[in-house]
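Novice: Next come the chains, spelled out residue by residue.
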Amino acid sequence: MGIRFILMVNKQGQTRLAQYYEWLTLEERRALEGEIVRKCLARNDQQCSFVEHRNYKIVYRRYASLFFLVGVDNDENELAILEFIHLLVETMDRHFGNVCELDIMFHLEKAHFMLEEMVMNGCIVETSKANILSPIQLMDKTS
Amino acid sequence: MDTLFQRGLDDIIKGVRHQQSSTESIFMSRVIEEIRREIKSTDLQTKSTALQKLTYLNSIHFIDMSWASFHAIECISSPAFSHKKIGYLAISQSFSESTPVILLISNQLRKDLKSGNEFEVSLALDCLSRIGTVDLCRDLASEVFILMSSSKVFIRKKAIGVVLRLFEKYPDAVRVCFKKLVESLEGSDSPIVSAVVGVFCELSAKDPRSYLPLAPEFYRILVDSKNNWVLIKVLKIFVKLAPLEPRLAKRLVEPICDHMRKTGAKSLVFECIRTVVTSFTEYESAMKLAAEKIREFLMEDDPNLKYLGLHAISIMAPKHLWAVLENKDVVIQSLSDEDPNIKLESLRLVMAMASESNLMETCRVLVNYALKSDPDFCNEILGSILSTCCQNVYEVIIDFDWYVSLLGEMSRIPNCKKGEEIENQLIDIGMRVKDVRPELVRIARDLLIDPALLGNPFLHRLLSAAAWVCGEYVEFSRNPVELMEALLQPRTSLLPSSIRTVYMQSAFKILIFCIHSYFLQKEDMTSEVSDLASKRECSESSDLATGKALVQSDQDEGFNPRESNQSYEYPFSCRYWGWTEANLDREEVIASRVVEWVHDGFSEELGPVSVTAQDRVPIPDELVLKENLTDLEAICGGVELPAPGSFSLTSPYYGESAVFSVSNLQDEEDSEPSTESTSLLTEHRKRHELYYLPSEKNKIPANDYPPANDPSSSINTNDATEDLVKLADQSLVSKRKPNHAKPRPVVVKLEEGEAAPVVSKKPELKDDLLSGAIHDILLGNEAKAASSQSNPSDKSSSKRKGKAKHVDLLDSKENLAVGEQPNHENPSSRRSKHRGDGKQKSKKSKGKKNGDGRER
Numbered sequence: 001m002g003i004r005f006i007l008m009v010n011k012q013g014q015t016r017l018a019q020y021y022e023w024l025t026l027e028e029r030r031a032l033e034g035e036i037v038r039k040c041l042a043r044n045d046q047q048c049s050f051v052e053h054r055n056y057k058i059v060y061r062r063y064a065s066l067f068f069l070v071g072v073d074n075d076e077n078e079l080a081i082l083e084f085i086h087l088l089v090e091t092m093d094r095h096f097g098n099v100c101e102l103d104i105m106f107h108l109e110k111a112h113f114m115l116e117e118m119v120m121n122g123c124i125v126e127t128s129k130a131n132i133l134s135p136i137q138l139m140d141k142t143s
Numbered sequence: 001m002d003t004l005f006q007r008g009l010d011d012i013i014k015g016v017r018h019q020q021s022s023t024e025s026i027f028m029s030r031v032i033e034e035i036r037r038e039i040k041s042t043d044l045q046t047k048s049t050a051l052q053k054l055t056y057l058n059s060i061h062f063i064d065m066s067w068a069s070f071h072a073i074e075c076i077s078s079p080a081f082s083h084k085k086i087g088y089l090a091i092s093q094s095f096s097e098s099t100p101v102i103l104l105i106s107n108q109l110r111k112d113l114k115s116g117n118e119f120e121v122s123l124a125l126d127c128l129s130r131i132g133t134v135d136l137c138r139d140l141a142s143e144v145f146i147l148m149s150s151s152k153v154f155i156r157k158k159a160i161g162v163v164l165r166l167f168e169k170y171p172d173a174v175r176v177c178f179k180k181l182v183e184s185l186e187g188s189d190s191p192i193v194s195a196v197v198g199v200f201c202e203l204s205a206k207d208p209r210s211y212l213p214l215a216p217e218f219y220r221i222l223v224d225s226k227n228n229w230v231l232i233k234v235l236k237i238f239v240k241l242a243p244l245e246p247r248l249a250k251r252l253v254e255p256i257c258d259h260m261r262k263t264g265a266k267s268l269v270f271e272c273i274r275t276v277v278t279s280f281t282e283y284e285s286a287m288k289l290a291a292e293k294i295r296e297f298l299m300e301d302d303p304n305l306k307y308l309g310l311h312a313i314s315i316m317a318p319k320h321l322w323a324v325l326e327n328k329d330v331v332i333q334s335l336s337d338e339d340p341n342i343k344l345e346s347l348r349l350v351m352a353m354a355s356e357s358n359l360m361e362t363c364r365v366l367v368n369y370a371l372k373s374d375p376d377f378c379n380e381i382l383g384s385i386l387s388t389c390c391q392n393v394y395e396v397i398i399d400f401d402w403y404v405s406l407l408g409e410m411s412r413i414p415n416c417k418k419g420e421e422i423e424n425q426l427i428d429i430g431m432r433v434k435d436v437r438p439e440l441v442r443i444a445r446d447l448l449i450d451p452a453l454l455g456n457p458f459l460h461r462l463l464s465a466a467a468w469v470c471g472e473y474v475e476f477s478r479n480p481v482e483l484m485e486a487l488l489q490p491r492t493s494l495l496p497s498s499i500r501t502v503y504m505q506s507a508f509k510i511l512i513f514c515i516h517s518y519f520l521q522k523e524d525m526t527s528e529v530s531d532l533a534s535k536r537e538c539s540e541s542s543d544l545a546t547g548k549a550l551v552q553s554d555q556d557e558g559f560n561p562r563e564s565n566q567s568y569e570y571p572f573s574c575r576y577w578g579w580t581e582a583n584l585d586r587e588e589v590i591a592s593r594v595v596e597w598v599h600d601g602f603s604e605e606l607g608p609v610s611v612t613a614q615d616r617v618p619i620p621d622e623l624v625l626k627e628n629l630t631d632l633e634a635i636c637g638g639v640e641l642p643a644p645g646s647f648s649l650t651s652p653y654y655g656e657s658a659v660f661s662v663s664n665l666q667d668e669e670d671s672e673p674s675t676e677s678t679s680l681l682t683e684h685r686k687r688h689e690l691y692y693l694p695s696e697k698n699k700i701p702a703n704d705y706p707p708a709n710d711p712s713s714s715i716n717t718n719d720a721t722e723d724l725v726k727l728a729d730q731s732l733v734s735k736r737k738p739n740h741a742k743p744r745p746v747v748v749k750l751e752e753g754e755a756a757p758v759v760s761k762k763p764e765l766k767d768d769l770l771s772g773a774i775h776d777i778l779l780g781n782e783a784k785a786a787s788s789q790s791n792p793s794d795k796s797s798s799k800r801k802g803k804a805k806h807v808d809l810l811d812s813k814e815n816l817a818v819g820e821q822p823n824h825e826n827p828s829s830r831r832s833k834h835r836g837d838g839k840q841k842s843k844k845s846k847g848k849k850n851g852d853g854r855e856r
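Sequences listed follow chains A and B, in order. Position one of the first sequence corresponds to residue 1 (UniProt numbering), numbered consecutively onward. Position one of the second sequence corresponds to residue 1 (UniProt numbering), numbered consecutively onward.
So that you can see chain A by itself, here it is in the shape it has in the complex (with noise of 0.2 Å):
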C-alpha cells in the first residue's frame, strides 16, 4: 500500500501527529511508536535517513525540532519518500507560515486534512501545494 504511517515525533520522542493507513490497535501503535522513535532518534546527521524496522523501511528527516517519520513498504522509493517529506512540510509552511512545532499541536485538525488531500490509501494522490491547500483555504473563510 506504499506509506503506512505517517508520524511527527519531536526531539523528547513526544508524538505531535500520527496518521495511519492500516489498523493497529491502541497498543500495536503504542509499541511501534516506542520502537521507532528510540531507533530514529539516536542516529545523526552523518547516517542516512533509511532505517529498515520489522517488515518495512522507515524514511524520515528532521526539520528544526521535528522528526518526519514515514513508514513504507520495502520496494517504495527512499527518495522520492523524502521529498513527499519535503513537500509536506513546504505545504505546512506555505499555510502556517514558518511552521513550527506549535502550529502542529494546536492545528493537528488540519495538518490532518493536508495529508488526507496528499495520501490516500497509502498512495500519494496529490502534489501541488495549491492544490492541497485550497478547500483548507476555502474552509477557513467560511467558517
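Since the hints were derived computationally from the structure, they do not count as laboratory data. A hint or two may mislead.
As the list claims (entries may be wrong) - Calculated cross-link-like contacts (lysine-lysine; reagent style DSS-like; alpha-carbon spacing at most 27 Å): (1) Lys110(A) with Lys129(A); (2) Lys114(B) with Lys141(A); (3) Lys14(B) with Lys110(A).
With chain A fixed as given, assemble chain B onto it according to the hints.
Specialist: Quick look at chain B alone, frame taken from chain A:
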C-alpha cells in the same frame, strides 16, 4: 450553557503541556471524565468539541476512544460541516472492522457521497478509503463509481483513491469501476493520472499478469509524462510487468535510459537504476549507464545516496560482479562508515566479492574487524561469513582445515551469538568432508576444554556440536581421556539439559571406544603373550591396538603416534599387565562382546540425509497413526526427567571410575558457584586425583589456551583498518593461486533435493477474486491479446475490444442489480459501436462465465 464553560481543545493542549509527569495521569482522567459527560450532551457543538478533544488524546496520548464510536456517528450526521469534519476524523482514526456500530454509517456515507458540497463528498470518500469494510464497499460501490465521472477533478481524484480499498474488500466492484479507471489513464489532468497510476502500481504488485494489456498506456505515460511521481510509479509497474513479457524490455530500455540521462531528480534516477538492475540485466549499455549513475551516487557526500548506491550495487552483484569490483574502494571504505546501515550494505558486497582465491584473506580481515566492532555488527559480520562459506555446499572453500579452525576462532569472539549456525556447520562438515575430521576433532576438543565458553548461553548449541563431533569421530582424537574430562567437567552444569544429553552420549561413545581399544589390545597381548618379553614392547603393542584408526590420520598429520600415545597408553597398559597373565575369564568375554557390539553400532557411518528423504519412504499399509495424543500425557505424566544429580552409570561394564567421577562432579557443582574461574577443572582434578584416569603429565588443558574472552591476545586491533585497505588491493587483482597446498577434499553431496524443497512459485490463489475479475475484464477469452505484445497499437485495440465488450455487458448486469443506474458507457461505447455483431456470441458465453465468477 454547557458550551460557555466547556474547555476547548486548545485548553486541553495547554493543560497537558503544563502538567508534570506526576500529575499528568490525574489531569488526564479528569479530562476524560469531563469528555464523557460533555459527549452525552444533546447540543452538537458541545458534543463535537468533546469528540475533538477525545480524538486528539487518542491520537497523541493513546487514550481509548472506542466507547465513543456512536457519538462520532452522531457528529457526522450533523448538518454543520465543522461537526462533520470532527466526526469523520474521529471515525477514520478509531473505527476498525470489528467496531460494532460501523454499519450504521453506511446511510450517512451514502448521503454525503451524494451531497452537492464537494467537501462533504471528499470527507466521505476519505473516510471510506480508511475504514471501508466488505459491507460498506459493497453498499457504496455504485456511488463511488458515479463520482469517478464527476465533473470536478477534486472529486474524481478522490474517488479513484478509494477504488483500491473497494477492489480489495469487494472485488466485484472491478466489474463496475475498472473501465473508468483505465479511461482515467488517458486523461491529461495530471492529478488524476498520478492518482490512477498509484492505484495501478498497488494493483499490479499483487497480480501483474492482469495488467499486461495496459502496457501501451503505461508506455505512453512513461514517454510523455513530466511528473516525477508518476514516472516513478510507472517504472514500478514495469518492473512487475517486464518478467512476464520479454519483448517489453526492448522497448522500455531506451526511454528509461533517456530519463536517467536527462532528469535532475535523484529519486527518478534511482528508480531508473533500480528498474534497470532488477529487470534489464541483459542490456549491457543500460547496465553500464546505471553503473555510471551509481558511481555518481557513491561519490556524493550524502549518506542517503551512498546507501542507495551500495544497495543498487548489491542488486547487481549476483549477475554483474564487475559493478562491485569497479567500486571496490568505496565499498571497502564504507565498511568503517559511521552508519550501521551503510556498513551492512558494504559487508554484503564484500562477501559478494569473496571467491576461492581471496576468501581466506577476506575472512581473516573481517574476523579481526569483527573483534573491534560493536556487538550487532560483529554478529552481522560473522553471520555473513558463515552464510557465504556454506553456499552451495561449501563451494568456495578449498582448505577445510582452515575453515574449521576459523569456525573455532569465531566461536571465541566475545560477542559471538552465532552458536546455532556454527553448530550446524560443524556437524555438516563433519558428515560431508571425511578428510577434515582429525582437524575437526582437534577444534572441537579445544572448544570443549575451554570452560569459559560454557558461560555464554549463545554458544551452548555450538558446544553440543563439538561434543557430538568428539564422540562421533573419537578415533581421530589424540587423547580421548582428555575429551572425557572435558565432557564431564563440573561447569557443564551451566548447560541446558538437552545439550548435556549430547555430552553424555558423547562421553559414552568415547568410553566405548576406550574400552574397545583396551580389549583389542588385550586380545593381541594374550595371543602374543609368550613373545612379550618386556613392558616396553607391550606398550608398543597397545599403541598398535588403539592406534588402529589413528594410523590413518597420523600420516596426514605427521605426528608420531608413539610419542603422543605413550603418555597415557603406557600406564594404561601397565595397570592391566597382571591380567594378561591369566586368560580372559567368562565375564570379561561377555563384556568384551558387548563392547564390541556397541562399538560396531557407533562406528557405523552417519551420512548427510536429504531433507526430502522422509517423503520418499513409502508409508506401510498397516501403519495406523493415532490422531489423538491426549493419553500420552497420562503415560508421560508420572515420568519426570531425571535430575542432573541423579544421573549415574551403574551398569557393571562401565567401570568404577566413570560412576564416581560423574557423581563427584555433581557434588562439586553443588558446593561451588558456577561462575568459577577456568582453573576449576584443575582444582577438581587435584582434589579427586583418585577418580581421574591417570595421565603421565598432569598438564592442565584449559591453561594451554588463552581465556576465551580475551580479544587482545589474538589480534592487534590497530592494523585492522590497514588490513581493510590491503584487502582492497588484493581482491582487486583477482589472481588465482597457482596451486593449492593440498587438493580440495571430497565433499559429500546428495544427488538431488539437497536444497530445501523448492517452494512452488505459483502466485497465491487468495487474490484470485480480484485478479480473476480483472483478468476477465481485460483479457476476456482472447488470451491472444496479451501475447501480441510486439505491436502495441494492434494490441491495445484488441484489448479495448475486450474491455469495452465486457463493460457493456457488466453495465447491463449492474443495471439489473443496483436498479437505478445511469447509462455510463458513453466514452468507450463509441469504440465498441463499430465492432461487428460477431462479438455478441462470445459476449453471451462470457456472461455465463461472469455469472459463475459471481457465485464464488
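Novice: Mind checking the alpha carbons of Lys110(A) and Lys129(A) for me, to see if they're no more than 27 Å apart?
Specialist: The given pair, whose Cα atoms are some 14 Å apart, holds under the 27 Å limit.
Novice: Mind checking the alpha carbons of Lys114(B) and Lys141(A) for me, to see if they're no more than 27 Å apart?
Specialist: Since the Cα atoms of Lys114(B) and Lys141(A) sit roughly 24 Å apart, the hinted pair holds (cutoff 27 Å).
Novice: Check whether the Cα positions of Lys14(B) and Lys110(A) lie no farther apart than 27 Å.
Specialist: The given pair, whose Cα atoms are some 18 Å apart, holds under the 27 Å limit.
When each numbered hint is compared with the structure, no violation occurs for any of them.
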